[in-house]
Amino acid sequence: MATFVVNGKRETVNAEPDTPLLWVLRENLGLTGTKFGCGIAQCGACTVHLDGQPLRSCVTPIAAVEGRNVVTIEGLSARGGLHPVQQAWIAEDVPQCGYCQSGQVMSAAALLARTPAPTDKEIDAAMSGNICRCGTYQRIRAAIHLAATLAKGGTR
Amino acid sequence: MKTLVTRRLFLKGGLAVGAGLVIGLRLPTGRSPLEAAQQGRIFEPNAWIRIDREGMVTIINGQSEMGQGILTSMPMVVADELEADWTKVKVEQAPADPAYNNPRRQAQFTNSSASIRDHIEVWRRAGAAAKEMLIAAAAKEWGAPVSECYAEQGTVIHRPSGRKLNYGELAEKAAALPVPQNPKLKTPDQFKFIGKKVSRLDTSDKVTGRAVFGIDVKVPGALVATVQRCPVFGGKVASFDATRAKAVRGVRHVVQISSGIVVVADSYWAARRGREALQINWDYGPNASQNSAAITRTYADLAKQPAPVARGEGDVANALQKAPRILEAVYEVPFLAHATMEPMNCTAHVRPDGCDVWAPTQSQTGAQQAAMRITGLPREKVRVHTTLLGGGFGRRGQTDFVEDAVETSKAVGAPVKVIWSREDDMQHDFYRPATYNLLQAALDSQGIPIGWLHRIVGPSIMVWQGQALQNGIDRHMIPGAADLPYAIPNLQVEYRYKEVGVPLGFWRSVGESQNAFITESFMDELAHAAGKDPYEYRRMLLGKSPRHRGVLELAATKAGWGTPLPSGRHRGIAVAYSHGSWAAQVAEVSVSPEGSVRVHRVVCAVDCGLAVNPDQIRAQVEGSVVFGLTAALYGAITIENGRVQQSNFHDYPMLRMNEMPTVEVHIVPSAERPSGVGEAAVPQIAPAVVNAIFAATGKRIRRLPIRAEELKKS
Numbered sequence: 001m002a003t004f005v006v007n008g009k010r011e012t013v014n015a016e017p018d019t020p021l022l023w024v025l026r027e028n029l030g031l032t033g034t035k036f037g038c039g040i041a042q043c044g045a046c047t048v049h050l051d052g053q054p055l056r057s058c059v060t061p062i063a064a065v066e067g068r069n070v071v072t073i074e075g076l077s078a079r080g081g082l083h084p085v086q087q088a089w090i091a092e093d094v095p096q097c098g099y100c101q102s103g104q105v106m107s108a109a110a111l112l113a114r115t116p117a118p119t120d121k122e123i124d125a126a127m128s129g130n131i132c133r134c135g136t137y138q139r140i141r142a143a144i145h146l147a148a149t150l151a152k153g154g155t156r
Numbered sequence: 001m002k003t004l005v006t007r008r009l010f011l012k013g014g015l016a017v018g019a020g021l022v023i024g025l026r027l028p029t030g031r032s033p034l035e036a037a038q039q040g041r042i043f044e045p046n047a048w049i050r051i052d053r054e055g056m057v058t059i060i061n062g063q064s065e066m067g068q069g070i071l072t073s074m075p076m077v078v079a080d081e082l083e084a085d086w087t088k089v090k091v092e093q094a095p096a097d098p099a100y101n102n103p104r105r106q107a108q109f110t111n112s113s114a115s116i117r118d119h120i121e122v123w124r125r126a127g128a129a130a131k132e133m134l135i136a137a138a139a140k141e142w143g144a145p146v147s148e149c150y151a152e153q154g155t156v157i158h159r160p161s162g163r164k165l166n167y168g169e170l171a172e173k174a175a176a177l178p179v180p181q182n183p184k185l186k187t188p189d190q191f192k193f194i195g196k197k198v199s200r201l202d203t204s205d206k207v208t209g210r211a212v213f214g215i216d217v218k219v220p221g222a223l224v225a226t227v228q229r230c231p232v233f234g235g236k237v238a239s240f241d242a243t244r245a246k247a248v249r250g251v252r253h254v255v256q257i258s259s260g261i262v263v264v265a266d267s268y269w270a271a272r273r274g275r276e277a278l279q280i281n282w283d284y285g286p287n288a289s290q291n292s293a294a295i296t297r298t299y300a301d302l303a304k305q306p307a308p309v310a311r312g313e314g315d316v317a318n319a320l321q322k323a324p325r326i327l328e329a330v331y332e333v334p335f336l337a338h339a340t341m342e343p344m345n346c347t348a349h350v351r352p353d354g355c356d357v358w359a360p361t362q363s364q365t366g367a368q369q370a371a372m373r374i375t376g377l378p379r380e381k382v383r384v385h386t387t388l389l390g391g392g393f394g395r396r397g398q399t400d401f402v403e404d405a406v407e408t409s410k411a412v413g414a415p416v417k418v419i420w421s422r423e424d425d426m427q428h429d430f431y432r433p434a435t436y437n438l439l440q441a442a443l444d445s446q447g448i449p450i451g452w453l454h455r456i457v458g459p460s461i462m463v464w465q466g467q468a469l470q471n472g473i474d475r476h477m478i479p480g481a482a483d484l485p486y487a488i489p490n491l492q493v494e495y496r497y498k499e500v501g502v503p504l505g506f507w508r509s510v511g512e513s514q515n516a517f518i519t520e521s522f523m524d525e526l527a528h529a530a531g532k533d534p535y536e537y538r539r540m541l542l543g544k545s546p547r548h549r550g551v552l553e554l555a556a557t558k559a560g561w562g563t564p565l566p567s568g569r570h571r572g573i574a575v576a577y578s579h580g581s582w583a584a585q586v587a588e589v590s591v592s593p594e595g596s597v598r599v600h601r602v603v604c605a606v607d608c609g610l611a612v613n614p615d616q617i618r619a620q621v622e623g624s625v626v627f628g629l630t631a632a633l634y635g636a637i638t639i640e641n642g643r644v645q646q647s648n649f650h651d652y653p654m655l656r657m658n659e660m661p662t663v664e665v666h667i668v669p670s671a672e673r674p675s676g677v678g679e680a681a682v683p684q685i686a687p688a689v690v691n692a693i694f695a696a697t698g699k700r701i702r703r704l705p706i707r708a709e710e711l712k713k714s
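Going line by line, the protein sequences match chains A and B.
Using our numbering, the letters of the first sequence map in sequence onto residues 1 to 156.
Using our numbering, the letters of the second sequence map in sequence onto residues 1 to 714.
Since the hints were made in silico from the structure, they are not lab data.
All residues carry an ideal CB built from backbone N, CA and C; glycine is no exception.
Among the clues, some could well be false.
To be verified - So these bits of chain A aren't anywhere near chain B, every CB distance computed over 12 Å:
1. G8
2. V24
3. G52
4. T115
5. P116
6. R139
7. R141
8. T149
As the list claims (entries may be wrong) - Taking beta-carbon pairs under 10 Å as the criterion, some of the chain A residues facing chain B (in silico):
9. F4
10. K9
11. N28
12. C38
13. Q42
14. R68
15. T72
16. G75
17. L82
18. Q86
19. W89
20. D93
21. Q96
22. T119
23. I140
For reference, chain B alone in the conformation it holds in the complex (with noise of 0.2 Å):
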């Protein structure tokens, strides 16, 4: 499995901002004028919007919506600089097309927390060029200067007259200007909507059942498929017979796809008996044999050796020889399933002379291109549709869905929607990695942190994305550790890649998601073992890391940290960087004579930058903190003789209402450009808790998931 769309490295610092957003304000191709206008298309100036008759304003979001409020917020950028009337604005998801790719990459596709900080520059001069085409119409029509005109609430106004035009009554004046290919962008005192709680405009369609995500798309004349695939990881089709399951009422075709045998029928429940009935015979091939114990056994050997550094800075064995206490841990992550609500599904329908995808994807470039390879057809010819997605968390940046909805319709000549269930969707995802690490610490007589070493051994991300390792590292392996905040003056960071035959991909704050575990739990280690109030300690060390410190020591002070809390319960700290943004949580825990835990309540800070929608920014951390608390107390995906263990949520548990903790969120306020928020806050929540236990109970865990047995009063 290839994916053609890399997920950049987090980018620190500003935006290149310069000739790529040019680019943006331009229509999809393929649409000529002709075409707009008969469509009703009166005043288009660019990608993003367009202006009818009645001043009704369509903007056209290119991001995939899984949550994170993107169909919101994206007209909020819009609709801002172009000064539009609110309750005159609508949404439109885009097709795939290259008018709507990121600008940093070329591609269309939404991941890594980056719609918003990718993007916002781009969505701003859209809006305000559109603008001062409609000033400048006014002006026209008005015989004014355009400095006289301005634009409030979808109105041009003259400011000496007090006359005013529509932007409808404009629309189609303006459409005959010129797009200025440089608008001026408002000032952040003149926001109307960036930085305002503004409701989602997706609620009321949530609420009603009206919302339409991918398993829910109706095509005239489709069909229902399901795929049996090999159970063990990289294994084949050696022979089937389908004599059984073409029996089975309903069921129309059974034909060999690249996945493994998909059953096709009129309906879902036809489909799955189908597939029941089937009778394959598997070349399981070579990874028949592996499983957990015997990973966690080849990582550990490989972890007595030195490995490829991805960052050196000073000289660690010196520190490590030297110093008069030492320190020395192995730490473990598992590998963890996306388990989206929504399990994979997409619909297609091949025809000879197109081909329309209904996908529920984060990746429409990938999409439209796994369907031009699958059916030989140019661009122009595979229209993909983004339905709503039922989650994402990365799993949908991958097309195997796709490919098994387009394999199939092209091999049986009709529409047909493909579902996995939830054992599909669970055994055959693409997991984040288990890794093995060792970390060794040197403190010097005042238990100040003077050198520090973390090996990181696993598999890799990049590989299974088709990408070459650079220097023997992994880019998606390291952030969390290579770019440790903290002042140590010898500082070395290791990453060993060894395959394992399990697939990966990208997991919610993908390297963070562990790293940040491991290093803000070892953190904890130095700061007890000098003594010092691990709060004060980090504080201390975070001189030259001014945005992390600000999120810890808001997090610290909103947590009435160093004050007294109800009997059994501790505190844990935790701060961590991820995908443009920094977070600090402080976990509530208790912890049962019989080793339960339970957490009471989170208190996270956010420095995300200018915050565009504070209310879904305090969404996305509620939901990252229940995301990363999840991995941290149940998430573990296990393999035995190249399958993987659990299937469905009996095994592979979630958080549900009766754990939750309080979750308080306080964002930072900053003028800074705004950066990633889906993700920024998955990270603390596990070191936090961790953290919070040691607190409670002086054992240390150092392995994922938190397990009851390990803290079982003796």
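Extracted from the complex, chain A is given alone in its bound form (with noise of 0.2 Å):
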């Protein structure tokens, strides 16, 4: 059993507690915006945010996250609306397959976060642990741009 707050709420689960992070998400809490892409934390599909902070999913027992607070990408724009990030990852028209782009937004959220107008560099550090097989890089780094515009209240 494990106790922790998701988007919000708060959840009780029945797993073991080895059980990792992402397949409570998805099996137990049915939210399947988090994905599974390699199991050992090199891919970042499995990215949400643990009070705050971006965090791999799917090397995390459930027991590290009892009491704590998860965002998942369901929860991001729970406010309302959508996030700065969502709004110009339309805008630019980032994903392809779209598998990897929960756990992009998720990373590029967190980042916008704690540094609002990032530079390429900072962008280069906070990303590279997303990987996009279909190689829309190029257009995240636009978006992330396009995204610390709209945080502040400006336009494209």
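Assembly of the complex is requested from the two constituent chains, each provided in isolation within its own frame, with the hints serving as guidance.
Shown next, in the form of structure tokens:
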């Protein structure tokens, strides 16, 4: 049994303590927006926020999130409307297959939360843990810059 | 493993327009008009269009969406001819049904960059036929001649009176009219969507977590399973003990299926834990001692002997004997995995009276036939639901992951989702073949090539796909080599088949992906040997290949070929045809003293005929550069003791954000019929980069991936 907060809602799940958070989110809670890519924290497809920090949920045992606050892609725009990162992703038509994009969006949102106007180098540092096999990196970079502008109340 | 759907050899030239197109203008089988009406299908003139009383247009797409944007470009094409109001268009995924077969091959699939190029006429005719019916219905209503009526943005207008009826109002009446078999198509100047930037319809779902990929399918009561396969290719289960596996909490069943031992549980984690507890004795079979070094030695020996000729012109032996200058080189490429971001998976529910399959598949027909074979059910009882695909690249045209799910569901009598781990996915792929290539060229006294011999030694994709070689030739192994576009009077391309026990399949851009690296690198060697500029040298030899030459010139111009670069940067160029289209790339590269390669900028020109959705063509080319560059810099699957040595992204790395070059895409304006764009720009990046490395260091890379130790300053 583990109890934690997911997207603002308190959840208690019955799972072995070593079960990765990823599978609890996907299978116990039905939150399938968070993806399984590698299982060893190499690709970033499973990125969620734990107490505001980006986290690879595929290697995080459920026991480690007891009592803590998890936000998934489904909860990123919970306050209504889309998060600036999501708006920018749509404006730049970033996704191709889209499988990695939940993780990309969560990493980008975490970056902008701590660095509101990131440089290209800061984007490299924050985003290089997220693999996109379709190769959308150029659009991701453009979308992060756009999201920074949108978050400040600007337009493109 | 056999697939019944065969991948077509690239075809140059026009589409055979004819009877095949009419076949498309029919409804999926098994749906009666009554059922259609009960389901609110008011006006359903063909397999692709449904219009309801509110004027909502549903466009049904039979192709798989794996990132290429077909869920947007397909409805664009239909809606354009239909004169639909884009704000009232939605797209729906078709079932597996012959109505959605590729008109040139009797199967429903998404491969060979064929969606637009093979279907566009059918889709246009579908939209145009529906529009004519709606116009006829309005004309009848008004008692006016059809010639006085026209359609625009979901409305039919009577020109003389200005009267209007929208498609919703006309749907029911149009449904009673005959379907025109030869509707009039638009001229390109009349296009509303084709040729314009149209935003993707699937983006919103893909940035909010709502998009449903195969792995996300939710079927009530479904169990989750994972398969332990023999680590050695071709190995089999000799015996197994499931006692400990079954003791794991949540494990429900452990059974043997064709691919190995499957552990079926309440959750993926329980299935994984159960699988780790399996005790299996394997019969490793004849491949148990296979390894990459031995494969290379075997190939190198075979390369000494002449091989079956795929293309022969003039007298190469004579040219090589008499020319004042001869060049010889050996080029090698490794096995490569597809590594789609979504690991292989499939969900199936087999019942005595029917079977449902939810699959991220590139082959609806293949998936359906596999399920029919396993269940013994007839086609109409096997429903294939195509989900979104988390990458395809050719991997998902196979049916092995579908077979896992159908066999398991049949065995345990419940719906089952089979999920592969990343390690399963990487170690049990259908790989791009490794080959060994001998090249010889004869130059005349001016440095002009008068002879070219290319001998490919390698395994066969066709054999692994259940097809027979033709006169010793595998037609998937030679593109990019046998269709060398340069004017060389004595030219011979040979292929020697040698099986090595590694499963092979189609990897994005297939033959060209490796052969263009070899031919475009060797062509660069010829240019340098001749003391000529590599761009001008190619240009001179492409007189009879205007579309090659066109993209080459455009890329060179846009890249500023010949103009100064920042210190340490050097350019390389390459051009190739693939899957219906032409592309050229110029790469700007620097090499550190330690031998590490940095690609700063890639300028790409592409000629894919009429550009249906230019922004998505750009997206495909950007992605193709990343795909090809990843392979050039890192890609290698190696074999030891009959097994793949790599297992995950730490030892089979992908290009990441910090290594991403700036990619510029230039589309050749064209009114030619649209051709493929998912694969066309993959082949050029490896040779462009390698040629730039030569310009930077004087060192010639002839074996992929590029290795820093070969480039280190000594």
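Verification of the hints:
1. Every CB of chain B lies more than 12 Å from the CB of G8/A, the least distance being 15 Å, so the non-interface label holds.
2. Taking the minimum C-beta to C-beta distance to chain B, about 9 Å, the non-interface status of V24/A is violated against the 12 Å cut.
3. With a closest Cβ-Cβ approach of about 19 Å to chain B, G52/A is found to remain outside the 12 Å limit, as its non-interface label requires.
4. Once the 12 Å rule is applied to beta carbons, T115/A is consistent with being away from chain B; the minimum gap is 15 Å.
5. Distance check on P116/A: its Cβ is at least 19 Å (rounded) from any Cβ of chain B, clearing the 12 Å threshold; non-interface status holds.
6. R139/A, annotated as away from the interface, has a beta carbon of chain B within 12 Å; the closest lies near 7 Å.
7. With 12 Å as the threshold on Cβ separation, the claim that R141/A sits away from chain B is violated: the shortest Cβ distance comes to roughly 7 Å.
8. With a minimum CB-CB distance of about 17 Å to chain B, T149/A clears the 12 Å threshold, and the non-interface call stands.
9. The interface hint given for F4/A is violated, since its Cβ lies 17 Å from the closest Cβ of chain B, which is over the 10 Å cut-off.
10. The closest approach between the C-beta of K9/A and any C-beta of chain B is roughly 15 Å, which is over the 10 Å cut-off, so the hint fails.
11. Interface hint status for N28/A: upheld, as the beta-carbon distance to the closest one in chain B is roughly 8 Å, under 10 Å.
12. Because the closest C-beta pair between C38/A and chain B is about 5 Å apart, less than 10 Å, the hint holds.
13. Proximity of Q42/A to chain B holds as hinted, the smallest CB-CB distance being about 4 Å (cut-off 10 Å).
14. For the restraint placing R68/A at the interface with chain B, the shortest Cβ-Cβ distance is roughly 20 Å, beyond the 10 Å limit, so the hint is violated.
15. The closest approach between the C-beta of T72/A and any C-beta of chain B is roughly 7 Å, which is under the 10 Å cut-off, so the hint is satisfied.
16. Given hint, G75/A at the interface with chain B, holds; its Cβ is 9 Å from that chain's nearest Cβ, closer than 10 Å.
17. For L82/A, the interface hint holds, since its Cβ comes within 10 Å of a Cβ in chain B; the closest pair sits about 7 Å apart.
18. The beta carbon of Q86/A comes within 5 Å of a beta carbon in chain B, closer than 10 Å, and the hint placing it at the interface holds.
19. Below 10 Å, beta-carbon pairs count as interface contacts, and W89/A has one with chain B at about 4 Å; its hint therefore holds.
20. For D93/A, the interface hint holds, since its Cβ comes within 10 Å of a Cβ in chain B; the closest pair sits about 5 Å apart.
21. At its closest, the beta carbon of Q96/A sits 3 Å from a beta carbon of chain B; the interface hint therefore holds under the 10 Å criterion.
22. Hint status for T119/A: violated, given a least beta-carbon distance of 13 Å to chain B, over 10 Å.
23. Interface hint at I140/A: satisfied, since its Cβ lies 7 Å from the closest Cβ of chain B, which is below the 10 Å cut-off.
The structure fails hints 2, 6, 7, 9, 10, 14, 22 (numbered hints given earlier, in ascending order).
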